[in-house]
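Chemist: Position chain B against the provided structure of chain A, taking the given hints into account.
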Amino acid sequence: MIYDSVISTGTATISGCSSADLGTDILKNISVPAAGSKDEFFYDRVLVTGQRGIRLSVNGQTYLQEVPITGQALNEVSYQTNTGDFFIKGIESSIIQRSKLNFSKDVPMKSNYSLSYDVVTGGNFAATGDLGQSLKNSIVGGVGASAVFDSCDYFLNGQKVYSGAGIGVSAGTEGYDFIPVFGVGATYGGVVTATNKSNFTYTAYSKRVKSTSITGLNADVFSETGFIEGRTSFYINGIEQAQNNYLELYTGVSIIKKDVTSLVFSGVSDGSISESVTL
Amino acid sequence: MSEKGIDYALNASLGNTERLLVFYDFSGMSGRHIGIGSDTLYYPTIENCDPAPNTGSYSGIITESGCTTTFTAKLFATGDFLINNKADLGKSNLKVNTPDLNYSETSTLFDFQFNADVTDCVLFGSLEKSSTTINDEVITGAKGYNVGITDRGHLFYQGFNNAKGDFIHTASSIELAKRNIIGFSVGSNSLNISRFDYLNNKIQTESFSLKTDSIANNDEFYLGGAQQYFRGGPAGVSGEYKTSDISLNSFCLLSGYLPPSAMFSIGSGFVGNYFTDAGTNTFKREITGYDQTIVQKTGITGYDYENTGSINIATGQYMMTGNFIGIGTTNAEEGDRYFVYRSFDDALSASGVKSFVKEEVGYLHPDSGYQYLPTGDRSAFDTLGLQNVEGAVNRYVEQQGISGASTIEVKLFGSRFMTGILSGISGVVQIPLYQTVIDRPAVPSSGVRLNSPSELLKKNFIYYLGKRI
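Sequence order for the protein chains is A and B.
For the first sequence, the positions run 3 to 281 when the numbering used here is used.
For the second sequence, the positions run 552 to 1020 when the numbering used here is used.
Next up, chain A with everything else stripped away, as it sits in the complex (with noise of 0.2 Å):
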């Protein structure tokens, strides 16, 4: 098993930790819900500005956003996708319909799915068809020359994957000179080979501003700089948890306290008669 946890770290003061200016206030841009209703889900369009701006978990596994290719009929705009999960329309529509979250048919959505997304910024770098090295292209021509491997989070077919478990980086890891592999191998660690690679895309994210990750085998997560409460997100072996599935909290606190007798029926209410009281 595979943890990572990506937390924001904030800065040294409490206003820098909600700094629009410093790019720390967005607390609502992580692990915000998409509203349902029946088969549709939404979005809040005050939070995500563009067609490039969500980074969507469906039951842990992260959709890839595209920018759809829009045609002109007869009272009837059409929309395509090519390498993308989801889509959301344009100006061209009415706004209930700029709100909703449109899913290609081939990928599974149902009601009764679990829907989250992070605002991203930065947006998102897509491709397809090789090992990795269609993707890098995508990154420089978002990022630039500035980009560097450890600078995104990349995914496989939505599922998050981690330097040595899942990809590598070959040709150096700065500039123009990385590129990243999918590829099997102990360097990669990935799955992907000249007969499959079709089946998979590529999607790499610019990491979230003032944030670090902390990947390994535990899943228990101790951080020497602290991290900003509820800004934080939690995957399992590339899936990304809810985040009820995991507390946030200070060092010391005793989950199980063993050898304690209680009484407990239904918790200790106002109301209830008894004996004693054991916290």
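Hint data in this document are derived by calculation from the structure and do not stem from the laboratory.
Note that CB positions come from ideal geometry on N, CA and C, so glycine has one too.
Worth double-checking, as some hints may not be accurate.
[Unchecked claim] Covered stretches of chain A (chain B as the covering partner; in silico rule of three or more C-beta atoms under 8 Å from a C-beta of chain B):
hint, segment
1, 10 to 19
2, 198 to 204
3, 228 to 238
[Unchecked claim] Sample of chain A residues at the chain B side, in silico, Cβ under 8 Å:
hint, residue
4, Gly92
5, Ser96
6, Asp222
7, Ile257
Modeler: Positioned in the frame of chain A, the structure of chain B alone reads:
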């Protein structure tokens, strides 16, 4: 210092500080005055601070500091209890006498931090239960309430309802950090337990129903412990229990129930720094009038003539010129004819043309006395009676010629107009007059700036539930 911050926050939220009963700001406290109370021992007291209106009341007694001398008592207060601008409640509880406090209508704010790991403790302890047997029936009552932290790191409220017994409310959705600003409000049959997350500008709160009319008043409360219940150690000198391993940055107790939103605003004074800014005027130049200048017409006022040169004008004819030059004398008798020469005046000579005239005259001797003795002869000589005497007369030779100057020079004069101011008015020149005035006056501002360190307010542990669920 949060003193000014609290003052500002209270005025901003409540309009005044009247409801602030107790305020302890331990920042810099060790350098301030510490009172000493005495019983059989001396006890240092933390005095109620500004902006609380009644700073003479609600002093906090450091219960573990009882010493036989004031010196050692103060030494404990400033050396052990007040550490790093915080009150170490692990060293002693603070006991506050509250003879007039209505416990059923209070709001309390804590700014505390764990000294080490999370441990269970009482933050605010006033719950005291007592029983009386009347007609073999045990009647139990209680006063006050406790608020504290469980081992699990959750805030709890412990009370006693004389109709239904002991109860505990736990705010299980609120997870604490190392440093926490928490509040609890009791009143109007409700209880709010809140943690104020200033990093996210968010209030974490849980509300409970509470039968507040069952809360009797206590004469005292403890910070860091309680008289009864939640005993974590041996009884102190007054029977209270030191249970906490926390340090207190600030504490305030307000009268009446305050909603979490108001508590959140007031609590910002704990973690923020008060600031004032006089603001800056912005200025502009505006036209206050015009300096008008009448402009007279200008034009030609007259003409002046000046020599601009000369021209030579041909006269069209030659002019005779000549001169006479004396060549000595000759004797002439009276009556002899000779020529007398005279030249023209200089003005004519200056023109370059000179000439002379000659007149033939007869000679008369100057010494003849001008007596003429005619002889009767017919000749003129005899007729005129001229004498036969001689005298010298001048002789001249004449030079005559024709002047070649056929032109004369004529001076030329040109006219030049003279300009000046005429009597007519051509217009008015208006020069605007400016003055610099305040465009937007400085707006003094003040508030609380949350620029305190954020480190202790952050969480540091992620605990995955999946493996245990």
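Chemist: All hints, please: hold or fail.
Modeler: For each hint, the structure was consulted:
Check on the segment 10 to 19 of chain A: 9 of its residues sit with their Cβ under 8 Å from a Cβ of chain B, so the three-residue criterion for coverage holds. Judged by the Cβ-Cβ criterion of 8 Å, the segment 198 to 204 of chain A is not covered by chain B as claimed, because only 0 of its residues qualify and three are needed. Only when three residues or more bring their CB closer than 8 Å to a CB of chain B does the claim for the segment 228 to 238 of chain A stand; here the count is 9, and the claim holds. For A/Gly92, the suggested interface contact is broken, since its CB lies about 32 Å from the closest CB of chain B, more than 8 Å.
Residue-level restraint check for A/Ser96 is violated (minimum Cβ-Cβ distance to chain B is 33 Å; threshold 8 Å). The closest approach between the C-beta of A/Asp222 and any C-beta of chain B is roughly 5 Å, which is under the 8 Å cut-off, so the hint is satisfied. Hint status for A/Ile257 relative to chain B: holds, with the closest Cβ pair at about 7 Å, below 8 Å.
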